[in-house]
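> Here's the letter readout for the chains.
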Amino acid sequence: MTRDATRELSAVVPSLPDPLLRVRGATLEYRSRERVVRATHRVSFDVLPSDRYILLGPSGCGKSSLLKAVAGFVPVREGSIELDGKPVREPGPDRIVVFQEFDQLPPWKTVLQNVAFPLQVARKLSRKEAEARARHYLDKVGLSAFVQAYPHTLSGGMKQRVAIARALAMQPRILLMDEPFAALDALTRRRMQEELLALWEDAPFTLLFVTHSIDEALVVGNRVLLLSPHPGRVRAELDAHAFGLHSAGSPAFQAASRRIHDLLFDEPAVPHAAQAQVLARAAA
Amino acid sequence: MTRDATRELSAVVPSLPDPLLRVRGATLEYRSRERVVRATHRVSFDVLPSDRYILLGPSGCGKSSLLKAVAGFVPVREGSIELDGKPVREPGPDRIVVFQEFDQLPPWKTVLQNVAFPLQVARKLSRKEAEARARHYLDKVGLSAFVQAYPHTLSGGMKQRVAIARALAMQPRILLMDEPFAALDALTRRRMQEELLALWEDAPFTLLFVTHSIDEALVVGNRVLLLSPHPGRVRAELDAHAFGLHSAGSPAFQAASRRIHDLLFDEPAVPHAAQAQVLARAAA
Amino acid sequence: EGQLRIAEQFGIVYLLLNVARDQQLIEKHGKTAGVDIAVEWRKLSGGSAVNDALLSGSIDIAGAGVGPLLTIWDRTHGRQNVKGVASLGNFPYYLVSNNPNVKTIADFTDKDRIAVPAVGVSVQSRVLQLASAKLWGKEQYNKLDAISLAVPHPDAAAAIISGGTEITGHFGNPPFQEQELAGNPNARIVLNSYEVLGGPSSATVLFATEKFRKENPKTYKAFQDALAEAAAFITAKPEEAADIYLRVTGAKIDRDFLIKIIKNPEIQFKVAPQNTYALAEFMHEVGAIKNKPASWRDYFFDDALTAQGS
Amino acid sequence: MATSPDIGALRPEYLVELEPLTDIEPDRRVSLGARLWSQGWLRKSLILIVLAVLWEALARYQDNDLLLPGFLQTAQAFFDGLASGELVQRAGLSLGVLVQGYLAGITLAFILTSLAVSTQPGRDLLATLTAMFNPLPAIALLPLALLWFGLGEGSLIFVLVHSVVWAVALSMYTGFLSVAETLRMAGRNYGLRGLRYVLHILVPAALPSILSGLKIGWAFAWRTLIAAELVFGATSGKGGLGWYIFQNRNELYTDRVFAGLVAVILIGLVVENLVFETLERVTVRRWGMQR
Amino acid sequence: MATSPDIGALRPEYLVELEPLTDIEPDRRVSLGARLWSQGWLRKSLILIVLAVLWEALARYQDNDLLLPGFLQTAQAFFDGLASGELVQRAGLSLGVLVQGYLAGITLAFILTSLAVSTQPGRDLLATLTAMFNPLPAIALLPLALLWFGLGEGSLIFVLVHSVVWAVALSMYTGFLSVAETLRMAGRNYGLRGLRYVLHILVPAALPSILSGLKIGWAFAWRTLIAAELVFGATSGKGGLGWYIFQNRNELYTDRVFAGLVAVILIGLVVENLVFETLERVTVRRWGMQR
Ligand SMILES: Nc1ncnc2c1ncn2[C@@H]1O[C@H](COP(=O)(O)OP(=O)(O)OP(=O)(O)O)[C@@H](O)[C@H]1O
Ligand SMILES: Nc1ncnc2c1ncn2[C@@H]1O[C@H](COP(=O)(O)OP(=O)(O)OP(=O)(O)O)[C@@H](O)[C@H]1O
Ligand SMILES: NCCS(=O)(=O)O
Ligand SMILES: [Mg+2]
Ligand SMILES: [Mg+2]
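Chains as they are written, first to last, in the numbering used here: chain V, 1 to 284; chain B, 1 to 284; chain S, 1 to 310; chain D, 1 to 291; chain Y, 1 to 291.
One or more hints might be untrue.
Taking beta-carbon pairs under 10 Å as the criterion, some of the chain D residues facing chain B (in silico) [to be verified]:
| id | residue |
| --- | --- |
| 1 | Arg11 |
| 2 | Glu13 |
| 3 | Leu15 |
| 4 | Leu21 |
Below, a list of computed lysine-lysine pairs in the DSBU-like style, where the Cα atoms sit at most 35 Å apart [said to hold, decoys possible]:
| id | chain 1 | residue 1 | chain 2 | residue 2 |
| --- | --- | --- | --- | --- |
| 5 | S | Lys263 | D | Lys238 |
| 6 | B | Lys109 | V | Lys109 |
| 7 | S | Lys221 | S | Lys263 |
| 8 | S | Lys103 | Y | Lys238 |
| 9 | Y | Lys238 | S | Lys138 |
| 10 | S | Lys143 | Y | Lys238 |
| 11 | Y | Lys238 | S | Lys292 |
| 12 | S | Lys111 | Y | Lys238 |
No lab work stands behind these hints: they were computed from the structure. Glycine is no exception: its CB is placed at the ideal position from the N, C-alpha and C atoms.
Whenever a hint applies, use it, and build me the whole structure from the sequences.
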């Protein structure tokens with residue numbers, strides 16, 4: 001990454017609030033006995049309080065890995081990740097994640113318990129309060145009728161919506177969402193986007209949001225980080241605060257969308273060819 | 001369902017070829033000790049040879065269930081499903097499925113083996129032939145560099161691409177794809193759509209394709225079945241053969257997209273409220 | 001003092017203990033000597049379990065065969081110094097065969113199998129070895145070990161009685177050997193331990209550690225007196241002894257059959273050890289025990305009760 | 001796209017106005033045969049009957065009731081044992097010890113496994129101890145048991161713990177290790193750690209393996225108890241089922257030996273079908289974690 | 001949206017021209033301590049040494065070498081046994097039988113489980129047989145073994161099979177039942193059925209459970225063999241380790257008894273660390289199915 005990208009952004013513009021999340025030169029790697037896969041390479045960015053910060057990039061570029069690193073599941077191999085000025089060391093309920101996978105719901109808990117349980121554990125709510133809040137958010141994601149169902153009886157999209165409700169109900173310091181709406185139909189997706197933004201309007205929280213939809217990035221986010229193909233490097237950071245739920249179709253929106261599209265397309269040709277970064281055949 | 005929707009479509013228009021897949025009044029239900037959930041209610045449709053037939057509908061409306069029923073995994077509770085005039089009874093390699101879930105790849109096989117193995121089993125290819133064909137299709141989905149990787153080291157989108165390659169390589173009688181591109185970024189998704197359509201151009205196959213993206217439905221499909229919210233019933237069958245990869249943005253395309261959008265939106269209000277169809281507290 | 005934990009094993013060879021227990025003889029003699037003795041009766045199975053229990057201090061008096069006594073005496077020599085307290089009587093061990101071709105041990109062939117509790121190391125095996133040594137010479141003493149098998153008495157007895165298995169011989173003990181003879185017309189005695197050992201000899205004995213004897217002289221004495229009285233009782237009233245046996249052990253063995261065994265003239269209920277030295281000498285000879293006892297007095301405590309032994 | 005446009009014209013589009021769904025009819029009745037077949041206890045009883053008949057036939061063929069009494073003869077002895085109350089009392093004594101040893105073994109397994117799942121030395125310790133001690137027969141522990149616990153229940157429980165703990169720990173640990181990564185992450189994300197993490201995430205997620213471990217442990221506890229009771233015998237007439245079997249074996253009452261074994265089998269069947277089966281139904285099967 | 005527009009102006013957008021990646025540096029060296037710590041055998045050896053020291057200390061404290069000989073004394077007896085060749089020969093004999101019984105047990109378990117996974121009667125049969133026979137101690141089978149197989153290897157293998165088959169079948173079956181639905185569907189979708197389906201899909205998918213079952217089965221096979229050799233103890237020349245232990249126990253050579261047990265333990269450790277550990281590394285752990 002070039003020097004001007006790693007510069008201290010907040011130092012340049014002193015009137016900005018201190019970043020809540022500060023990622024500096026974060027390199028993420030997965031190591032196994034046979035090979036080392038570099039997922040991201042020296043990625044830096046700042047998420048300010050109340051930001052709706054989007055990570056956008058091609059499949060396999062390390063978006064999920066970055067999110068997991070912020071959540072404390074994947075250690076940085078180089079660089080640093082700080083939350084409120086303190087390095088991220090381990091997972092915690094101040095950073096609730098909506099994972100990309102469908103198996104993130106404990107199958108032994110009903111939909112209601114799935115949402116209520118972490119509230120009891122992490123927010124110290126009584127069972128009653130927790131369930132009341134859980135019902136509230138399950139209603140928002142349109143699953144009121146399924147509160148007593150077990151996860152294995154839900155469709156893919158329904159599972160993801162439970163996970164979304166769980167995360168929203170937790171009201172964490174920073175909400176980490178990994179393609180949360182990918183499994184949802186146009187209508188439901190739209191409703192979810194509305195809910196998310198309405199909640200944010202009510203009481204602004206900080207959001208780190210992975211998506212692969214350019215339009216969604218512009219609608220949901222106020223700031224978009226564009227990542228290069230594997231291994232992910234910062235390609236650009238763009239402003240998106242001007243666009244909202246009702247901007248789609250407007251010429252400015254379409255122009256922004258096209259711009260991002262081109263930034264992604266204009267990568268040196270055959271971006272998939274040399275994807276695997278086989279660094280070494282180490283004997284760990 | 002009303003009478004005119006269940007009518008024998010091919011009988012009305014005698015010059016059409018016989019349908020490859022014929023679904024008649026298919027009601028699907030999941031039963032457990034505690035409750036019975038009706039996933040679809042008397043759904044009928046015909047898929048003609050070389051159709052690219054799209055199932056479109058809100059989350060939880062039974063799209064995946066329908067696809068699984070066609071694949072032979074979920075029995076119809078009422079009605080019938082016939083392939084080539086023979087009722088579907090069990091799964092088979094003539095109907096290869098790309099599942100919606102990410103855990104459909106045997107974790108004990110590398111990416112290459114995951115694609116090659118079913119070719120050896122079902123297409124009776126030699127190991128060499130199978131691997132050659134597997135490599136060919138893995139290249140098409142941009143995973144050449146990862147042929148030796150195990151599935152657990154892949155990103156969500158990469159896993160789905162392996163499943164797509166596996167399905168394409170099998171060249172089945174009918175290809176069943178359940179939101180195959182949902183986990184993919186705009187660019188990769190576009191490339192996948194192109195690949196799929198190019199393969200179809202090369203040698204037309206029959207495709208039953210679940211998506212929640214209206215645009216994707218219009219681009220990929222030549223025929224779109226619109227399903228109502230839970231439990232899924234046929235809302236409309238629309239023609240989409242006029243639109244292709246390069247139609248997006250054209251006024252006709254946008255009109256078609258809006259029309260479908262409205263059909264989905266115009267459902268009686270609060271479609272999520274009474275979703276669960278708790279038929280009985282049966283003691284099975 | 002005042003506490004006595006006794007471990008016995010299964011079988012009629014422990015009849016003496018059963019009578020002492022039923023008649024509360026130990027308590028009685030304890031009272032006479034001025035101690036209240038709380039007696040605890042344990043049933044264990046197998047010589048090793050008895051050894052382990054004694055050495056771990058879980059029991060005070062152990063009952064087992066002469067073979068185990070010699071072994072434990074040898075191993076604890078100069079340490080715990082385990083020695084015999086009394087004999088439980090003279091019982092013959094019969095080697096019973098249901099193979100019509102086998103008249104003496106010389107007739108066993110490779111096809112035959114002799115069941116013993118533990119090949120090579122059980123009393124039965126030792127006796128068999130001694131007999132072999134006499135028959136074929138010292139070097140050949142373990143010739144029959146090759147066709148011996150470790151089989152628990154009841155299974156071996158069942159096999160001998162019902163036939164149909166490879167087991168054609170069983171060197172058992174009472175009452176199994178009597179049951180075999182009674183249960184299968186083909187069964188006959190091929191070898192009698194008395195012949196090998198030179199006359200009626202102690203089969204089952206009681207033993208204890210030197211420490212126990214030293215620290216509990218009154219209890220120890222009371223116990224020995226009780227045994228003596230029990231022996232006299234059985235000899236005098238075999239029928240009553242049989243009833244006691246049935247009562248105490250809860251065994252369901254036929255009463256007449258039991259009385260017949262008790263009255264068997266070859267069986268003598270005596271507390272003084274008899275004719276054990278031949279076995280001890282032989283075990284030393286073949287290296288089973290390292291210390292050579294000068295006489296049977298080496299491995300029995302020097303008590304008035306056993307002074308009449310041989 | 002390249003499809004000829006007339007195809008669209010051949011297939012008219014259509015639209016359906018949906019009425020509210022009301023006509024959902026009740027269950028189709030299933031045939032009597034199918035309903036009977038769906039009763040697990042009936043199918044299993046059938047199997048038991050077949051086994052009993054086979055046993056009886058085999059016994060008659062062998063015609064050697066000292067080694068293999070028939071089913072009927074054993075049933076007779078069994079009911080005699082029940083009637084006299086002896087079998088019930090003995091089984092009660094054994095079960096008492098068994099349950100204590102079993103629970104102690106499970107607890108120990110849980111502690112070892114929890115340690116193993118949270119620290120590297122714990123992991124090595126579990127692997128090493130299991131590999132070392134699991135193959136050791138109970139008799140090997142007898143001298144130690146006697147030294148430490150004396151003759152009696154203490155030693156029996158010690159031996160039982162040994163026979164339960166390793167198998168249960170192995171199954172539990174395998175279950176823990178196989179919990180899906182996403183689920184682990186979700187649990188850690190709630191802020192769960194240590195014991196709460198194990199209890200709230202790992203245990204339920206590994207429940208299928210844990211249950212199979214518990215079943216195996218239960219069976220081996222029985223086996224070991226029966227074997228150990230032979231050695232430890234009885235204090236003043238107070239022996240359990242193992243002693244009952246041993247004593248009757250000594251007296252060549254083979255039918256009673258088999259009656260004792262039948263008691264073991266019946267208790268096993270009851271525990272399997274009432275306890276474990278129910279547990280599985282209300283947990284792993286209900287949760288869709290097992291078919 | 002509601003964010004004030006000036007915030008965007010405060011944070012300039014930026015774009016980075018990416019050069020091809022070349023400067024990926026090699027592995028950081030890890031410290032010697034960390035590298036040593038990462039060696040499993042070293043950590044485990046440490047545990048073994050600690051255990052040996054504890055043992056020796058305990059033995060000296062108890063000071064009763066007929067019940068608990070110390071580590072050094074046992075080591076002496078062990079090396080004597082090795083030197084005389086007796087231990088090796090006995091262990092060889094035992095292992096020979098063990099492997100036969102173990103393999104037969106696994107095969108039977110596999111057949112039962114495959115049946116169970118494909119048919120309802122098979123399922124009932126497995127559940128019933130396991131619940132019935134698993135708790136039965138090996139001695140219970142003695143009369144039957146005598147009748148059917150006579151004394152010697154046949155009977156030993158029969159008893160071994162009994163001790164292996166149920167535990168392995170239970171674990172295997174649990175593993176099969178817990179295979180994720182999508183994976184099953186994928187396999188059926190290939191057109192796999194029957195045995196091929198079991199072998200190509202269920203077995204690898206259930207491998208963690210199967211391996212834990214195999215480990216448990218292996219341990220129980222050892223236990224049972226040792227116990228059974230006492231009983232079926234072959235003829236004196238041909239007895240295995242169990243025989244060696246039994247004989248020496250009878251003769252109160254406790255150090256040799258422990259030497260025999262140490263042989264069992266060592267074989268257990270070798271099998272665990274060479275066979276099972278390797279198997280796990282190249283399968284379930286490599287495949288990400290187990291941590
Ligand atoms: N557990 C793992 N072990 C090894 N490599 C991994 C692992 N998880 C991810 N990777 C690799 O890291 C890279 C980035 O993966 P990541 O899941 O972060 O991508 P992503 O941007 O989320 O992609 P997608 O949009 O497809 O979900 C990929 O090349 C992938 O192969
Ligand atoms: N295994 C199951 N057991 C019980 N109910 C189920 C099961 N699978 C699905 N369902 C129910 O069936 C209905 C339809 O599910 P299905 O997965 O077919 O929906 P879908 O249209 O694919 O939704 P999505 O777009 O969210 O994937 C849902 O209400 C769901 O709760
Ligand atoms: N069947 C033998 C069991 S055990 O006593 O070795 O645990
Ligand atoms: Mg991802
Ligand atoms: Mg679906």
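> Where does the structure disagree with the numbered hints, that is, which hint numbers, in rising order?
Every hint satisfied by this model.
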